[in-house]
Amino acid sequence: GAVVSQHPSRVICKSGTSVKIECRSLDFQATTMFWYRQFPKQSLMLMATSNEGSKATYEQGVEKDKFLINHASLTLSTLTVTSAHPEDSSFYICSASANWVVRGNYGYTFGSGTRLTVV
Amino acid sequence: AQKITQTQPGMFVQEKEAVTLDCTYDTSDQSYGLFWYKQPSSGEMIFLIYQGSYDEQNATEGRYSLNFQKARKSANLVISASQLGDSAMYFCAMREGLTGRRALTFGSGTRLQVQP
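Listed in order, the protein sequences are those of chains Y and A.
Here this note's numbering is used: the first residue of the first sequence is 1, the next is one more, and so on.
Here this note's numbering is used: the first residue of the second sequence is 1001, the next is one more, and so on.
The hints are simulated quantities; they were obtained by calculation from the structure and are not laboratory data.
Worth double-checking, as some hints may not be accurate.
To be verified - Stretch-level coverage of chain A by chain Y, calculated; a stretch enters the list once three of its residues show a Cβ under 8 Å from a Cβ in chain Y:
| id | segment |
| --- | --- |
| 1 | 1021–1028 |
| 2 | 1041–1054 |
Claimed, not checked - Cut-off 30 Å, straight-line C-alpha distance, at most; resulting in silico cross-link-like pairs (DSSO-like, lysine-lysine):
| id | chain 1 | residue 1 | chain 2 | residue 2 |
| --- | --- | --- | --- | --- |
| 3 | A | K1003 | Y | K41 |
| 4 | A | K1073 | Y | K66 |
| 5 | Y | K20 | Y | K64 |
| 6 | A | K1070 | Y | K66 |
| 7 | Y | K64 | Y | K14 |
| 8 | Y | K55 | A | K1016 |
| 9 | A | K1073 | A | K1003 |
| 10 | Y | K14 | Y | K55 |
| 11 | A | K1003 | Y | K64 |
| 12 | Y | K55 | Y | K66 |
| 13 | Y | K66 | Y | K20 |
| 14 | Y | K14 | Y | K41 |
| 15 | Y | K41 | A | K1073 |
| 16 | A | K1003 | A | K1070 |
| 17 | A | K1016 | A | K1070 |
| 18 | Y | K14 | Y | K66 |
| 19 | Y | K66 | Y | K41 |
| 20 | A | K1016 | A | K1073 |
What you are looking at is a predicted structure, and each value in this text was computed from that prediction instead of being measured.
Where is the CB? At the ideal position from N, CA and C, for every residue including glycine.
Generate coordinates for the entire structure from the input sequences, incorporating the hints supplied.
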């Protein structure tokens, strides 16, 4: 089945530094990647949508200069949290979709998530 | 307005019993899909079941079934014969439109605890 590899799974960084999170589709081409953020005991909130080769579309209230998304190829999308602050501490998870329905998950394959802690 | 509403923040169920997790949705699209995911404490999103808006039969996947009532805009998840390993957060989600080009919208989730 389709697999999205997300790294790192956990990261602790100092306030003011940048952190890059990678999502790689291993056995299919992800035409669209969705990035979500999940605060403790809350739901997944969409941050941005990226299509391969074009600029990401950010949801209202998400700072595009702070959360840089790159989707340079059909198998790799990255989210960079720039100048991270403690309030950016959260669980970040990607979800890849393809132009076809993958048997078993109906088009959406999630990464395993990244737990970011900014100290 | 909330597109996906899950009104049960937490549910308890005895092992081996059945449990229903509620989900209502709101959309003006004729074509949409409804999903249920399980999220254990590790954080991964585990796909459980899918129901398309044009599907006439309720979806079933093993111990999971989806009680789809289109007129009431509800898509409740039924878990039969609960197991201790079913303890987790459960999210209902919706995709508006037919393709995966649009993101899923998630409900607030229900924390299910299965008691021995």
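Hint check:
1. 1021–1028: Coverage by chain Y is violated for the segment 1021–1028 of chain A (0 residues, Cβ < 8 Å).
2. 1041–1054: holds (count 6)
3. K1003(A) <-> K41(Y): holds, 19 Å
4. K1073(A) <-> K66(Y): violated, 38 Å
5. K20(Y) <-> K64(Y): holds, 14 Å
6. K1070(A) <-> K66(Y): Judged against 30 Å, a Cα distance of about 41 Å means the pair is violated.
7. K64(Y) <-> K14(Y): Answer holds: K64(Y) to K14(Y) is near 21 Å, not above 30 Å.
8. K55(Y) <-> K1016(A): violated, 49 Å
9. K1073(A) <-> K1003(A): Given that 30 Å is the threshold and the Cα spacing comes to 11 Å, the pair holds.
10. K14(Y) <-> K55(Y): Status holds; Cα separation ~28 Å.
11. K1003(A) <-> K64(Y): holds, 25 Å
12. K55(Y) <-> K66(Y): holds, 15 Å
13. K66(Y) <-> K20(Y): holds, 12 Å
14. K14(Y) <-> K41(Y): Status holds; Cα separation ~24 Å.
15. K41(Y) <-> K1073(A): holds, 25 Å
16. K1003(A) <-> K1070(A): holds, 15 Å
17. K1016(A) <-> K1070(A): holds, 29 Å
18. K14(Y) <-> K66(Y): Roughly 15 Å separates the two Cα atoms, so the pair holds.
19. K66(Y) <-> K41(Y): holds, 24 Å
20. K1016(A) <-> K1073(A): holds, 29 Å
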